[in-house]
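Work from the hints to combine the two standalone chains into their complex.
Chains as they are written, first to last, in full-length UniProt numbering: chain S, 1 to 545; chain L, 1 to 237.
Just so you know, these hints were derived from the structure itself, not from any lab.
Treat the hints with care, as some may be off.
[Claimed, not checked] Here are the simulated SDA-like cross-link-like pairs (lysine to any residue), alpha carbons at most 20 Å apart as the crow flies:
(1) S:LYS447 - S:PHE493
(2) S:LYS108 - S:ARG142
(3) S:LYS42 - L:ALA83
(4) S:LYS61 - L:PRO107
(5) L:LYS104 - S:ALA15
(6) S:LYS61 - L:CYS79
(7) S:LYS226 - S:ALA201
(8) L:LYS201 - S:PRO25
(9) L:LYS99 - S:LEU8
(10) S:LYS347 - S:VAL366
(11) S:LYS103 - S:TRP55
(12) L:LYS104 - S:LEU8
(13) L:LYS85 - L:ASN100
(14) L:LYS202 - L:ARG152
(15) L:LYS202 - L:LEU230
(16) L:LYS85 - S:ASN57
(17) L:LYS202 - S:LEU26
(18) L:LYS99 - S:ALA15
(19) L:LYS198 - S:LEU26
(20) L:LYS228 - S:ALA22
(21) S:LYS61 - L:ASN100
(22) L:LYS202 - S:ALA22
(23) L:LYS71 - L:LYS144
(24) L:LYS144 - L:ALA69
(25) S:LYS141 - S:ARG418
(26) L:LYS104 - S:PRO9
(27) L:LYS104 - S:GLY102
(28) L:LYS144 - S:TRP18
(29) L:LYS99 - S:TRP18
None of the values given here were measured: they were computed from a predicted structure.
What follows is each chain in one-letter form.
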Amino acid sequence: MASVAAWLPFARAAAIGWVPIATHPLPPAPIPKDRRKADDEKLLINVSGRRFETWRNTLEKYPDTLLGSNEREFFYDEECKEYFFDRDPDIFRHILNYYRTGKLHYPKHECLTSYDEELAFFGILPDVIGDCCYEDYRDRKRENAERLMDDKLSENGDQNLQQLTNIRQKMWRAFENPHTSTAALVFYYVTGFFIAVSVMANVVETVPCGLRPGRAGTLPCGERYKIVFFCLDTACVMIFTAEYLLRLFAAPDRCKFVRSVMSIIDVVAILPYYIGLGITDNDDVSGAFVTLRVFRVFRIFKFSRHSQGLRILGYTLKSCASELGFLVFSLAMAIIIFATVMFYAEKNVEGTNFTSIPAAFWYTIVTMTTLGYGDMVPETIAGKIVGGVCSLSGVLVIALPVPVIVSNFSRIYHQNQRADKRKAQRKARLARIRIAKASSGAAFVSKKKAAEARIAAQESGLEIDDNYHQEDIFELQHHHLLRCLEKTTDREFVEMEVPYNGQPKRPGSPSPLASPTHSAASHPGLLHACCGRCCGQRYQRSEAI
Amino acid sequence: MGVNLSKANECRTTQFLQHMQPCNKTYRKCKNFNVQHDNSTIQEVEDEDDECAPPPRHRPDRLDAISRATKFSREEIRCVYRAFKQECPSGAITEATFKNIYQKFFPLGDSSQYAHYVFSALDKEQNGTITFGNFMLGLSMVVKGSVQERLRWAFTLYDVNHDGCITRQEMLDVISAIYNLMGTSHDSQQSPQLHVEKIFKKLDLNHDGVITVDEFINYCTTDENIRKSLTVFDEVW
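Looking at chain L on its own, in the form it has when it is part of the complex (with noise of 0.2 Å):
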């Protein structure tokens, strides 16, 4: 057909040009490579002559002993499976794949923020990427643990850069990202602010500026409210 230099054609051509950039080749000749289980990483040495690196495998533990670990039965994590393998077929879920899922069920509102945090506070080798074996073992916590552990899962929430400890802008910011779920429609200027003042009032009882562990458990396990609260969360599975 006719070389048509229209607007179209222009626009796929500047497209093209900008689709050209070196990644993303999933072919690869490997020369020799590691097979690890147990959530390592496929890795395989890099020819000469390959530009980038070529996206990580992940392989998860035997389904036994992720049942053993985690308290879930099999049926059950076979299903988690097939939905986590679904959206990640390399096996291991990235940030961006946890907002969109996010976005799915928060569709309103910008879930990207709450996302990050969550993410990052199951992610435990803050590594950008979570395998199936922690999902599991993250999951069952969150599911199955006590209330102890699941109230300290929700500390390490809000704390953000995991120093063990809560500061004014921390909260600020998770807070913030969780309003932002509800959409932009709301005021979404002042109350934050005045929701962390109200809660470090309340939490913050030595006044030094910021929540520990030991006052965050201390009050979530004493205030009638928030008791009945985590009932709620129960029977989730």
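This is chain S alone, in the form it adopts within the complex (with noise of 0.2 Å):
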């Protein structure tokens, strides 16, 4: 409201409009205590070294944020009159532009996450966010969540590692990361092995080999080593059956299991085997039978659990499905306008191959596609001028959607690839951090001790060393709390020899300062100050104190 304050007193000046018209009495006008400040206040605001002044009308715009309301009066700095504020200065200045001119912009080249805790601290909304900025915010945060999700997603199943209870999760974890066992990495690769085997079979039991004996005609590999193709093929269904139910027992959530569509796909690799199995050599049901073992190619769809690849194609598809509506939409009117078109264009041939609507729709699309097998051919010259302009726009309405889907999988694949680029990256990198941590808090353990021995050397009336630099009170006070801690607890923090090795910690545990080192055997995830007992021999002092 204080942005429209100084308006006011003309909209109460111009109420004296109401006054020939109003039913009762005007109220009389409130009496300020004191004299109106005519002239507003200038407030200095000191945001790490750099300094911004502005009214504070300015700032009282806003009164549910940081600066606009009381809360502002913490930061105040009596000996410098000023408001001091320990943030950066470069978008402070953006957030003093949102109180100045009422739209808040957000600068392309300031990382997000910073923007979004000074918008925090500061008390604004980023819903505030310009029209002209705030596409460009959200696009930006919705690929830092996906960012950041992958890294949790990534960190927990690290974490999870160690908290498998019962065998129910071990196998589910072995199916789904084959790379986290040598058992589950064997597992990947026998079952990749044998859905390629009865691909194969499928495909090779077509081949002809050999003559048919006393008739004529090729005879297929599948008829004559019946036997053998049989065998192989109750093989791998066994196999498949086998991990299936595997599968089946070891998911978390069933129901969700049976409905994913890689479950689909298994149930309908193997299913026509079964199938098969019930139904006796009847020539009524043989025809059913033999679409049945069509599906068997479904297999093939079992290799995207083992390839990303093919994942990522499918994911793609999945995604670009309003693309690929439009143009299965498009070529079904176009297929639809030319074929009537050809048909009444051609009907009075004689012989003519375009007998109907339906039989002029085969032609069009082989000419869109420009395949043009050439089976079906007009030959008035309204159908041929009619066949030119199809086979033009065939090319025009099939090539348009395509890079659309072109652009999507190439962007869904390279994101992918930087995934896993930054998961292997991940892991050196923690380690890494997990040392430099690991030093620092064993420096700090360190200085802790000495500042120990040298109080004790002073309270025994040792020489005391001058050299040393006289402590600051809070590492003092940190050292004094810690030392509670120690006698609270009847234990001891230990110093540590050698850097800390890398081993995953579970989560939420205390700072490294309280490792284990003595027990070079690790006990990965178990964090435990050693008790001062077993170590007692190491110590100037014994616990007793």
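Here you go:
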């Protein structure tokens, strides 16, 4: 409201127009306690050394933010008579402009997280970002969130390594991430091998090898070596069935698993075999049986568990569903139009192939995709013109959505690649960070021990080394606090001799100060401060004080 | 990145096409221009390839002159000008901005009609914009004028077409606009009519169907209630 406070006197004065028509007498005006300050006050805001000045009214435009409310008084510096904030001055510039102009802009060169933090600090909702910058902000936020979620997922995955309680979870993890254990890897390769074998068998059994005895025509290998192929098929199906049942058993949410795409593919891959076992060799149903064998080709889709590229392709097609739908729709429209025109153009030709409009569909499709088999050819001039237009437009209609799909695929594929690279680098990065943390923790503990040794030496009257640096009061208090903790828990902080060897830590654990060392054998995930008893001989003082 | 024709992008594309309208271009190559002070527009000669006129820019008169003409102190004028310039960087206030400001004062109701009437009462030249100088003059009349002057201004508020007399229709329009400030939760159909009838009965002494300036001022100065209410607005500044 302060933004229009200066207009209020005018609005009140203009309200004199209401006086003649007022049904009741108007209330008396409020009397201000002190003479209203005609001047507005200028406030000095010091952000990390850069000084900003603005009117108080400007800041009070938005009373629900830090600067506009009483909260800013917490940052007031009495001596310098200014408000001091130890924050980023570059981003503060944008925040102050928000107060001045009412529009919050997002600078593209700034990191989104730091910007968000500044906004949160100053109590400004990101929703007020102006339309000019809002889309950009939202896009980057989404990108960031996806990236962080990826990282978090893989981090959780790593942390869950230690937390499996029962065999079911272990199996599920083995199925989902084959590289976690050797058994999982073996299983992965074995199933992959059997999928390949099964698909090859399907293909090879239709190859002709030899002539039919007593009849004309060639004999396909499948019929010649019926038993062999049958055994092969049985073996593969048994492996697939076992795999499916194991996955079903291990799945954390069985209903969800049964509904998932991969599980449906699995089922479709093995069902024809069992149905075929059930059907006897009857001529009536043999046609149906043959159809069922077609479904065996779905086994090739099982490879998508093994190939990331295939999964990406599937995901791309799913995400381009609208473009694909558009393509199909426009093609259908064009086919119907051209087929109709061709039919009416050619229907009076003798012996024509264009016997009906659906028959002309085939011609239109073949022409639009520039295949041109030549089995149906227009004879009349009108037909030829239409055919020409048809083939020219076919190229356009098909070429339009293809770049969209391609670029989508490329984007998703590269995203995946980057994610994989990040995951690979993450482990090394985290290990380095852990080592750095551990060494600083070790340095702190050794400093603490040195300080205590000095105090003990002072108490017992020994000569003190004048070369030590005066410790500041903060460190002394920190040491004292840790000493209190030691006394409370009857344990001691252990001085580390070797840098931390990168073992994964349990989440929520205390700082690396309390890491074990003397047990060289690792207790992964277990952190404990050593009790003084077993290490008593290493330290000057006993535990009993 | 990919050309993703998803729905979001389609919306963006249509919006983009809608905004591709030739206007609001602020960058201009100007050959020569006249700068006139005292509330005149800075005109720029248009190039042949310019498609729309540049937004007019107004510069107010000197602070002393305004202070003398309007009897406000320099500090007061400075204060008002800062708020004025903040809302209207071009130096002249348009009706839309006026409506915006009134909307902030009366958030519950629909203030656009009332703002329109106040604006047209202020706008001496009736050209859709009020320069700072004219605004200050109007403000001075309303805030620091004598009772006569203020009542005269109130009269122009009701006299929509500025022909010197208020008809029933004009009064009904203005009163409906004032009622609209309250919001639509009240019964807004009957009350303005009744109100107008009441007013006309009281003010229209010669019963000719219109209220003239003299009738208006006469009534307002003689009626006790109105005289008391007028003093409420004596010290708004």
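Hint check:
Note on LYS447 of chain S and PHE493 of chain S: the hinted pairing holds, with a Cα-Cα distance of about 12 Å set against a maximum of 20 Å. For the given pair, LYS108 of chain S sits about 15 Å from ARG142 of chain S by alpha-carbon distance, which is consistent with the 20 Å threshold. The straight-line distance between the Cα atoms of LYS42 of chain S and ALA83 of chain L is roughly 15 Å, inside the 20 Å bound, and the hint therefore holds. With a C-alpha separation of about 16 Å, the suggested pair LYS61 of chain S and PRO107 of chain L falls inside the 20 Å cut-off, and the hint holds.
For the given pair, LYS104 of chain L sits about 15 Å from ALA15 of chain S by alpha-carbon distance, which is consistent with the 20 Å threshold. For the proposed pair LYS61 of chain S and CYS79 of chain L, the alpha carbon gap of about 16 Å is at most 20 Å, so the pair holds. For the suggested pair LYS226 of chain S and ALA201 of chain S, the alpha carbons sit about 11 Å apart, so the restraint of at most 20 Å is met. A hinted pair counts as satisfied when its Cα atoms are at most 20 Å apart, and LYS201 of chain L with PRO25 of chain S qualifies at roughly 19 Å.
Proximity of LYS99 of chain L to LEU8 of chain S is assessed by CA-CA distance (about 14 Å); at most 20 Å being required, the pair is judged to hold. For the suggested pair LYS347 of chain S and VAL366 of chain S, the alpha carbons sit about 19 Å apart, so the restraint of at most 20 Å is met. Of the supplied pair hints, the one linking LYS103 of chain S and TRP55 of chain S holds, its CA atoms being roughly 17 Å apart against a limit of 20 Å. Distance restraint check for LYS104 of chain L and LEU8 of chain S: the Cα-Cα separation of roughly 10 Å lies within the 20 Å cut-off, and the hinted pair is therefore satisfied.
Simply put, LYS85 of chain L and ASN100 of chain L have alpha-carbon atoms about 15 Å apart, close enough for the 20 Å limit, and the pair holds. Simply put, LYS202 of chain L and ARG152 of chain L have alpha-carbon atoms about 18 Å apart, close enough for the 20 Å limit, and the pair holds. Simply put, LYS202 of chain L and LEU230 of chain L have alpha-carbon atoms about 18 Å apart, close enough for the 20 Å limit, and the pair holds. Restraint check for LYS85 of chain L and ASN57 of chain S: satisfied, since their Cα atoms lie roughly 15 Å apart, inside the 20 Å limit.
Taking the CA atoms of LYS202 of chain L and LEU26 of chain S, the gap is about 18 Å. The hint holds against a cut of 20 Å. Taken as a hint, the LYS99 of chain L and ALA15 of chain S pair is honoured in the structure, with Cα atoms around 15 Å apart against an allowance of 20 Å. Among the hinted pairs, LYS198 of chain L with LEU26 of chain S is consistent with the structure: their alpha-carbon atoms are about 18 Å apart, no more than 20 Å. Distance check on the hinted pair: LYS228 of chain L and ALA22 of chain S sit about 12 Å apart at the alpha-carbon level, within 20 Å; holds.
With a C-alpha separation of about 16 Å, the suggested pair LYS61 of chain S and ASN100 of chain L falls inside the 20 Å cut-off, and the hint holds. In summary, the hint linking LYS202 of chain L to ALA22 of chain S is supported, as the alpha carbons are separated by about 12 Å, within the 20 Å threshold. At most 20 Å may separate the alpha-carbon atoms for a hinted pair to count; LYS71 of chain L and LYS144 of chain L meet this at roughly 8 Å. Of the supplied pair hints, the one linking LYS144 of chain L and ALA69 of chain L holds, its CA atoms being roughly 12 Å apart against a limit of 20 Å.
The straight-line distance between the Cα atoms of LYS141 of chain S and ARG418 of chain S is roughly 18 Å, inside the 20 Å bound, and the hint therefore holds. Simply put, LYS104 of chain L and PRO9 of chain S have alpha-carbon atoms about 14 Å apart, close enough for the 20 Å limit, and the pair holds. At most 20 Å may separate the alpha-carbon atoms for a hinted pair to count; LYS104 of chain L and GLY102 of chain S meet this at roughly 14 Å. Note on LYS144 of chain L and TRP18 of chain S: the hinted pairing holds, with a Cα-Cα distance of about 18 Å set against a maximum of 20 Å.
Distance check on the hinted pair: LYS99 of chain L and TRP18 of chain S sit about 18 Å apart at the alpha-carbon level, within 20 Å; holds.
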